[in-house]
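Enquirer: Read off the chains here:
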Amino acid sequence: MKISLRFWQNRHCKTGTLFVLLLAGNALHIKVECSESKNVSPPKLAIKTPGVVESLKTLVQLNKEQLRELDVKLKSAPKLLSSIPNLSDIRIDPYYLKSILFYSEKRYTSLIKNENICTFYSLIENNLIRSVENKVSNIPIIYQTKDGLSESAITLKDDLLQYMYNTKCYQNRETAELFALDNFDKTINNLKFRKPDSINACTEIITNWRENPFLPYICNIPEVISRAHKIKLRIDNDTLSNLQKDGINGEDIKTSKLYLEKISPANLSYIQTLCSNLDSSETFCNYYLQPDLWKKVISKDIPDYHMTYICKNILQKDTLDQQSLFECHEHIKNNPSLCETNGSLNYPAAFPRPSCDEIAQIAEISNLYSDYHDCPGRIDNEATTNIHRIVSHFDKKQIPSSPQTCLSNTNQTLVNLAYAFNNSENWPLKICYTDKIKDKEVCLPYSPGDILAGFANESIAETNVVKHILERTTEKSIKNKCRIIPDFEYNPVLLEYAAGCFITYDTGECTTAHCPKRIFLDLKEIKGKLKYTGDQSYQYFPTSLSNDYYSTDNMLKILKKLKYIPIQNLSDLTSFLKENNENIVHGVGCAEDIHPARFKKITINQCRTLPFIVGGTIPDKIKPKVILTSSIMDVHSPITIDWNLLFNAVKNYQLLHPTKLWTLHGIKKE
Amino acid sequence: MASKKNKQYALMASLLISSLFTLTSIAAPQKLLTKQSIHNIRFFSSDNKHTYAQTRSGGLIHSTNYQVNPILEGAPGTNYNITGTSNQKKLIILKNEKYHIFLSARELSEIYVTKWGSEDKPIRIGMGTAPKLHLNDTVVSFYNPYTSTINFMNIDNMITKFSLKLLNILDPYFIPEVIMLSNGNVLYTDINDKGVTGIMLWDRGPNIYKNIWKASAVETRVELCIKDGEIFILNKSLQKTSRTTIHSMTAIEDELKGAKNIYESDSADFGNMICELPTKLYFIKEVFPGTTEAIEFNLADKKINVLTDFKATTQIINVDGILLVPHEGATYVIAGEHNFKNDSLKGKTVNEKINEEISEEVKEEVKEEEEEEEKEKKQ
Chain A
12 MKISLRFWQN
22 RHCKTGTLFV
32 LLLAGNALHI
42 KVECSESKNV
52 SPPKLAIKTP
62 GVVESLKTLV
72 QLNKEQLREL
82 DVKLKSAPKL
92 LSSIPNLSDI
102 RIDPYYLKSI
112 LFYSEKRYTS
122 LIKNENICTF
132 YSLIENNLIR
142 SVENKVSNIP
152 IIYQTKDGLS
162 ESAITLKDDL
172 LQYMYNTKCY
182 QNRETAELFA
192 LDNFDKTINN
202 LKFRKPDSIN
212 ACTEIITNWR
222 ENPFLPYICN
232 IPEVISRAHK
242 IKLRIDNDTL
252 SNLQKDGING
262 EDIKTSKLYL
272 EKISPANLSY
282 IQTLCSNLDS
292 SETFCNYYLQ
302 PDLWKKVISK
312 DIPDYHMTYI
322 CKNILQKDTL
332 DQQSLFECHE
342 HIKNNPSLCE
352 TNGSLNYPAA
362 FPRPSCDEIA
372 QIAEISNLYS
382 DYHDCPGRID
392 NEATTNIHRI
402 VSHFDKKQIP
412 SSPQTCLSNT
422 NQTLVNLAYA
432 FNNSENWPLK
442 ICYTDKIKDK
452 EVCLPYSPGD
462 ILAGFANESI
472 AETNVVKHIL
482 ERTTEKSIKN
492 KCRIIPDFEY
502 NPVLLEYAAG
512 CFITYDTGEC
522 TTAHCPKRIF
532 LDLKEIKGKL
542 KYTGDQSYQY
552 FPTSLSNDYY
562 STDNMLKILK
572 KLKYIPIQNL
582 SDLTSFLKEN
592 NENIVHGVGC
602 AEDIHPARFK
612 KITINQCRTL
622 PFIVGGTIPD
632 KIKPKVILTS
642 SIMDVHSPIT
652 IDWNLLFNAV
662 KNYQLLHPTK
672 LWTLHGIKKE
Chain B
6 MASKKNKQYA
16 LMASLLISSL
26 FTLTSIAAPQ
36 KLLTKQSIHN
46 IRFFSSDNKH
56 TYAQTRSGGL
66 IHSTNYQVNP
76 ILEGAPGTNY
86 NITGTSNQKK
96 LIILKNEKYH
106 IFLSARELSE
116 IYVTKWGSED
126 KPIRIGMGTA
136 PKLHLNDTVV
146 SFYNPYTSTI
156 NFMNIDNMIT
166 KFSLKLLNIL
176 DPYFIPEVIM
186 LSNGNVLYTD
196 INDKGVTGIM
206 LWDRGPNIYK
216 NIWKASAVET
226 RVELCIKDGE
236 IFILNKSLQK
246 TSRTTIHSMT
256 AIEDELKGAK
266 NIYESDSADF
276 GNMICELPTK
286 LYFIKEVFPG
296 TTEAIEFNLA
306 DKKINVLTDF
316 KATTQIINVD
326 GILLVPHEGA
336 TYVIAGEHNF
346 KNDSLKGKTV
356 NEKINEEISE
366 EVKEEVKEEE
376 EEEEKEKKQ
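Residue numbers (our numbering), protein chains in the order written: chain A, 12 to 681; chain B, 6 to 384.
No lab work stands behind these hints: they were computed from the structure. Virtual Cβ for every residue (Gly too), placed ideally from N, Cα, C. Do not rely on the hints blindly, as some may be mistaken.
Unchecked claim - Which residues of chain B face chain A? A few of them, derived with a C-beta cut under 10 Å, are:
1. H44
2. Y85
3. H105
4. N212
5. N216
6. E333
7. E342
Stated by the list, open to error - Beta-carbon label-pair distances, calculated as ranges:
8. B:W121 with A:D368: 27 to 33 Å
9. A:D368 with B:E269: 41 to 47 Å
10. A:T445 with B:T152: 26 to 32 Å
11. A:S548 with B:I257: 45 to 51 Å
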């Protein structure tokens, strides 16, 4: 682009050139031509000229004053370009140009070069460059007529663009047409978003993009989405008055919706990364050549469950869109310790969790699939958590998770196994009551919490069983199943609690077996009529050779058609996990060896039994490591431990086991 | 890789800079060998007079003077653990009948108390975990992780009970460290609502809680140990990034005075400190990045002796003043005085001698068990 500053006085020109160099360094290629024209009278502004060495603040302030003065002078001279007779040339006022350099982002101004003057106008068209007034709308210009007259005026952005597109930048008009909403789908699908696989390829890719006339139109996409997101947030947060809401321009929301529908998440992520790093090919290349876990999720290269559950806790949101993942990534980058504590109350597990950096290094290597969030701290028998994780891994389903359902989801897996295996008679958890008609105590099996309608074994959900018992004992007909809620939520003053059955629990002290509960029916507390009994004792691995049929290990094998391979050494473990990325290894070991800084042995042969899953290995000749998710840890926060520690843990438990069973087995689909 | 190297350099530097600490290695520890499975033994006295072991049928037996007596009975698969102190007055027994069918890091066991070496039936005092004897074996504390409550009971009169509830709501698997300075003052660890571990002093009289120590980060855990009025505080990290320190303090008339930093390291030590033996502390130290060993730390000259060479040592267990290290299913003696060498069966191993204390009756049972195991293996 050639922006002629011939009208500048030499002193001005010198300073202006310096501005450009100072502000943009070598990346900005606006050629500032300093020559005097006999025919042009520059506007004389009564403002001092800054020295060569001035602070940026002073320069910006000076520019503001210059523009204010210009605005006063030109206010009376608005022009439609079509109304100017014999128009021969138009230039943007140099003070306004300076303002653009001050207020626009370097990633966009760095695109402006002599050879592509039209890029400058497409940047204006897409609102990617800004001036002192933020959005470029009215532009001060200096125009020349064929008869040599030079005048200053102010014109509308659209008017200027139309003039430029009609006279010089014909291609811009065509490109704009391609990115219009009607053609957008086809245009975006024809574009190739090539990911780099080497530093040379990356440099070439970013150079090609920077020269691509489509780029300003492409970079407009994340800008629109971001603006729409902010507007939606303000609407959702109800921080706007009705008047403000009425005044919202819904254009961005509508366009953003279309973009999100038509662009694949992977391409959108690519566009966002590209446009954020136009002035830094190194950052762009690092993003693709050295991607961490979070970037891979954002790029849709790996499943998003690695990140979404962590980010839901960090951002305290129930649902996340692509923009939220970006936002979360920023938080994680700036403060990796966020992963240590967030979510600890809603999804209790061993505290603290590993830092985000530690998770990022290993989570992807683990084969364990975990598109859900469980809460081991609310499960008493850690084997139940392990079983839930193994079943969920092989089922490969997303499980809707919330702090209210994480306990029942985990227990439900065990219920389903027992019932599918025709072992319901041995289901240990029961609620007992005195049946007046039968005149004896009756105990009914239950699964803690709620089970959603239509899901297997819904009838034995605690919410249904309590309802049934209350109907029997109070002889009242209860319309809906009971609702199970935290005690702080139950508020008898509110209408929604006025009728029906509610089971309340203390969130601070609630696990499957240890959970003081209160039951309310139509506002009245029911005391002493129901008794919760039993605990979830069962064989995870068989404890004797003659009685292994009902061990959950065996149930899983038969019902889920799994095959078990004994893992005796590291080489078995490594080759088994590498054989198929669906393979996982499970086992039981001593918590004091798996988490030695957390659990201390105080007696000889002490061993707190701890089931775990191994999802991967990290080879190292001296200290090989395994990626482990023990059943007390958050499922999204695996850790690495030395193979030797894991071996010790299993060995020490083996020697206490009644049949000296080696409890480290690979699991794979038959 | 770079961070590993840096850590190595840091470790070397810390050793070089601090002339206080010298790291030396001593001979490999002696393996605890027994004729019967060591894994059935639950306690033995250092004078070799008392041995407690569990049987396959679910019982707990006590053997002394060539006599074997059943102490407790339980269902097959019942697991026992026993702990005592150097006062040799009381033993605490944990009994868990569902040990193999209820896999839990927060296992609640039945807790019994019995007189040291007595044939009397142990008395059940409650359910909990991590029991500990205090004040010359007159008080026992145990913890209930489900209610976050530390329970105390006077085991001289079996009547006086009191408890304190922790603030911790963030770590369900936290087990507090507890020291009773006197009947009225309890020192314990807790986690606040920000997740930071601290040491609290509970003055039972006016029921005042005072925070006397606060960790610098959420990943820090604190161990407490008391020996002759001197309290040792070990700060360690649950992550692999922080340093380990040990401070000592003196408890004078229920007041803690003169905190001194006696050990500092950039390594990620597992800790699991034992302070009850004279003049030395024992704990698990990361001697090289990723390599953990049991060490003794001489309180006088701050010299460190590495006591094991297992590369992955995790725990030290104090059984009546004899320090044991479990490793890959075997148990090793690393420290502690015992009178085995003065026994008439001179020349035999510790375990052979312990073993011979167990009567023929027990041996027969063991033999039966072994035969059963053989059969099962063949099947």
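Enquirer: State for each hint whether it applies.
Expert: Verification of the supplied hints:
Evaluation of the H44 of chain B hint against chain A yields a held restraint, the C-beta minimum of about 4 Å falling below 10 Å. For Y85 of chain B, the shortest C-beta to C-beta distance to chain A is roughly 9 Å, which falls under 10 Å, so the interface hint holds. Annotation: interface hint on H105 of chain B holds; nearest CB of chain A at approximately 5 Å, less than 10 Å. Annotation: N212 of chain B was flagged as interfacial toward chain A, and the flag is violated, the nearest CB pair being 21 Å apart, outside 10 Å.
Restraint check, N216 of chain B versus chain A: the minimum CB separation of about 19 Å is more than 10 Å; hint violated. Checking E333 of chain B against chain A: minimum C-beta separation of about 5 Å stays under 10 Å; hint holds. With its C-beta approaching chain A no nearer than about 17 Å, E342 of chain B sits outside the 10 Å limit, and its interface hint is violated. At about 50 Å, the CB distance of W121 of chain B to D368 of chain A disagrees with the hint of 27 to 33 Å.
The hint said 41 to 47 Å for the Cβ distance between D368 of chain A and E269 of chain B, and at roughly 25 Å that hint is violated. At roughly 28 Å, the beta-carbon separation of T445 of chain A and T152 of chain B lies within the given 26 to 32 Å, and the hint holds. Distance hint check: the CB atoms of S548 of chain A and I257 of chain B are about 49 Å apart, consistent with the given range 45 to 51 Å.
When each numbered hint is compared with the structure, violations occur for hints 4, 5, 7, 8, 9.
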